[in-house]
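Keeping the supplied structure of chain Z fixed, place chain C upon it in accordance with the hints.
Now for the letters of each chain:
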Amino acid sequence: MRILASTDDSGGFKDTSSQTAPQPKEIKQFNEQGLKNRIQKLIVHNRSTKKIVITARANGDINFYDLNNEYGLINTINNGLKDIKDQYIALFVINGLIISVSQQGKLLIIDESTIFDKSINSTNFEIKGPISSFIPHPKHFGIFAYGGDENDVKIIKLFEKSSTSKEIISNKIDSKILFQGKNVKNDKLDLRVKIWITGIIFINLDNHTDSKWEFLTTTKYGQIRRYNTSHGRKPILDKKISENPILNIASTSNEGEIICSDNKTTTALFNASKGNLIAKYKGAVGAVQDLYTDIGANLLITGGLDRYVRVFNIETRETIGKIFVGSKISQVWLLDDEKVEIEQPIDEKEQKIAAKKKKLREIEENEDEDEVWNQLDQLETKSKKRKI
Amino acid sequence: MAPGEKIKIKNKMRRQKLFAALKHERNKARHTERAARAKEEKLNPELKQERLATNIPDTIESKRVFDETIGTEFEGEDDFSSYFDGRAPKILLTTNANARKAAYEFADILMEIFPNCTFVKRKREYSMKDIAGYCNNRGFTDLIVINEDKKSVNGITFIHLPEGPTFYFSITSLVPGKSIKGHGKATDHIPELILNNFSTRLGQTIGRLFQSLFPHKPEFEGRNVVTLHNQRDFIFFRRHRYIFRNEEKVGLQELGPQFTMKLRRVQKGIKEEVEWEHRSDMDRDKRKFYL
Chain Z
1 MRILASTDDS
11 GGFKDTSSQT
21 APQPKEIKQF
31 NEQGLKNRIQ
41 KLIVHNRSTK
51 KIVITARANG
61 DINFYDLNNE
71 YGLINTINNG
81 LKDIKDQYIA
91 LFVINGLIIS
101 VSQQGKLLII
111 DESTIFDKSI
121 NSTNFEIKGP
131 ISSFIPHPKH
141 FGIFAYGGDE
151 NDVKIIKLFE
161 KSSTSKEIIS
171 NKIDSKILFQ
181 GKNVKNDKLD
191 LRVKIWITGI
201 IFINLDNHTD
211 SKWEFLTTTK
221 YGQIRRYNTS
231 HGRKPILDKK
241 ISENPILNIA
251 STSNEGEIIC
261 SDNKTTTALF
271 NASKGNLIAK
281 YKGAVGAVQD
291 LYTDIGANLL
301 ITGGLDRYVR
311 VFNIETRETI
321 GKIFVGSKIS
331 QVWLLDDEKV
341 EIEQPIDEKE
351 QKIAAKKKKL
361 REIEENEDED
371 EVWNQLDQLE
381 TKSKKRKI
Chain C
1001 MAPGEKIKIK
1011 NKMRRQKLFA
1021 ALKHERNKAR
1031 HTERAARAKE
1041 EKLNPELKQE
1051 RLATNIPDTI
1061 ESKRVFDETI
1071 GTEFEGEDDF
1081 SSYFDGRAPK
1091 ILLTTNANAR
1101 KAAYEFADIL
1111 MEIFPNCTFV
1121 KRKREYSMKD
1131 IAGYCNNRGF
1141 TDLIVINEDK
1151 KSVNGITFIH
1161 LPEGPTFYFS
1171 ITSLVPGKSI
1181 KGHGKATDHI
1191 PELILNNFST
1201 RLGQTIGRLF
1211 QSLFPHKPEF
1221 EGRNVVTLHN
1231 QRDFIFFRRH
1241 RYIFRNEEKV
1251 GLQELGPQFT
1261 MKLRRVQKGI
1271 KEEVEWEHRS
1281 DMDRDKRKFY
1291 L
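Chains Z and C are the protein sequences, given in the same order.
All the letters of the first sequence, read from the start, carry residue numbers 1 to 388 under this note's numbering.
All the letters of the second sequence, read from the start, carry residue numbers 1001 to 1291 under this note's numbering.
The following block holds chain Z by itself, in its conformation from the complex (with noise of 0.2 Å):
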């Protein structure tokens, strides 16, 4: 199995080539900036023959790595960030598109084609921010969801589906709002619900249409909704699934299942029709960064803030690797899942004598215990009756 893992402290990433044995067979860095230029998006772009890495840095680049080449830089792009403050909330490749979003709502569009020409081609785009999640829908070219702090959800349509990557990123784009969403009802004290889009993901994919989708979002307030935008603005299911904010949310190879992870240690899986809780992947000690899921292999990766990036099974939910990587992690990726055989560490031949010593050790001790107690009988039978 071999993972990639982008580092906050030394700003790069790591190529974790592992299995089976508890900790891989080599880690190696690659192409460290620093704290300040860390790494906020990763990805890997299979392009024909070539597999790509694509990062987002703090500072405004996105940088085009070569994976067959020892992660060579390729090119390098910087106009993704409205100002310092600013950083990037998702990036993503569709239909030979690279789409990077900014939290304050800057979107740079890149022509996939051109990132190893001079100039690469490429436009920006606007939409109203704060945002702090932003998709594609996986299936209808062109059509995204975004959603942020006070930012309730929205579909819309950036480009048409017959456009080419070409024709897009020469026209201007025009936006349109196919769906928005509205607020859940007031609570109990008649209080507006506050409104804070983490995540959203699009599920029962086989029933969209040009007009319908069915999407779930997560909140930092901790709900889970549920969209079907036939049945109107409203969510059809809002629960409260945690008292802390979810941050994280992954889909499974189950439609009906999703995963989601909050700010502190929690990673589980959850019912999306319901919204309630199935089961925990156990074991983090910090609060999870990202979540990938790789639905061939049904593993779960989780990288987070306690330096650990673990993999799961998203079934049986064992813990089947735990790699330390040494740095907070922001972004993990499973590259491929082969398992690699590797040699047992530890001797038998040291094992069956650890295990001996041991007993004879139990044994001692058991010896020793029992010793006191065996004395004071003999004395007992021995100490004379008083006669009356």
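A portion of the hints provided could be inaccurate.
Computed list of lysine-lysine pairs in DSSO-like fashion (alpha-carbon distance at most 30 Å, straight line) [said to hold, decoys possible]:
#	chain 1	residue 1	chain 2	residue 2
1	Z	Lys356	C	Lys1121
2	Z	Lys282	C	Lys1288
3	C	Lys1121	C	Lys1178
4	Z	Lys220	C	Lys1129
5	Z	Lys359	C	Lys1063
6	C	Lys1063	Z	Lys357
7	Z	Lys188	Z	Lys234
FYI, nobody ran anything at the bench for these hints, they're computed from the structure.
Showing chain C alone in chain Z's frame:
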């Protein structure tokens, strides 16, 4: 005693007496044996060395559960890096809202320990995040908040500025300097700092926190030492003055205070995501330590 076994002496007091006598005998035997061994070893010191080398008792520390983060190299930068570039610490000290006498007394003690420290009385209307913001505007590097509950100090929060992290420790066994027998009077020299046993990656972070609270260059003429000794995740705070009496002997005078801290929580930023939090089930395995 096994439940099926018959008790031969039925009078409990007599039975206890018998048991005490047996114990006494065993103790006496042990003492004579030790005395004899000591005599023998005094004549032949090699024997003692040999015995000490072979007979190593098991301790909780030696049985410590393997932790892969021990002894790893410190990697990259963290939020304390700016201090290590040479910026002098400037500390703001305050208490919880509505604090009582104990908190102010402890604040007095801390004012003596940390150089360049300002105390501000806590106002109800400002949260810790607000205060951190005001401190940032005024160039403070650290914010310390004392927590008092039921008339005793029970916790302390350290917030490293400008961007965290935040640490919360519980405090126990607080003994002010005055109650320590033979205590000395502290001077305002910048103390030397001794950090013991901060070995894991989390421990390193804690070590760097305490380092960043004291100015880089200690004033050696003051001969003051602050010790933070970590043992089984308890951090013991002690302060001494030393003197070199001759080439072999060193004299120590305790200045006080003494207190014990235990790490409860580390948060990223100013009280944001949890980096590490103590849970009660962490205490289940007595051989697992986190610092």
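Hint by hint, here is what the structure shows:
{"no.": "1", "hint": "Z:Lys356 to C:Lys1121", "verdict": "63 Å, violated"}
{"no.": "2", "hint": "Z:Lys282 to C:Lys1288", "verdict": "17 Å, holds"}
{"no.": "3", "hint": "C:Lys1121 to C:Lys1178", "verdict": "24 Å, holds"}
{"no.": "4", "hint": "Z:Lys220 to C:Lys1129", "verdict": "18 Å, holds"}
{"no.": "5", "hint": "Z:Lys359 to C:Lys1063", "verdict": "17 Å, holds"}
{"no.": "6", "hint": "C:Lys1063 to Z:Lys357", "verdict": "15 Å, holds"}
{"no.": "7", "hint": "Z:Lys188 to Z:Lys234", "verdict": "18 Å, holds"}
Violated hint for the displayed structure: number 1, the only one.
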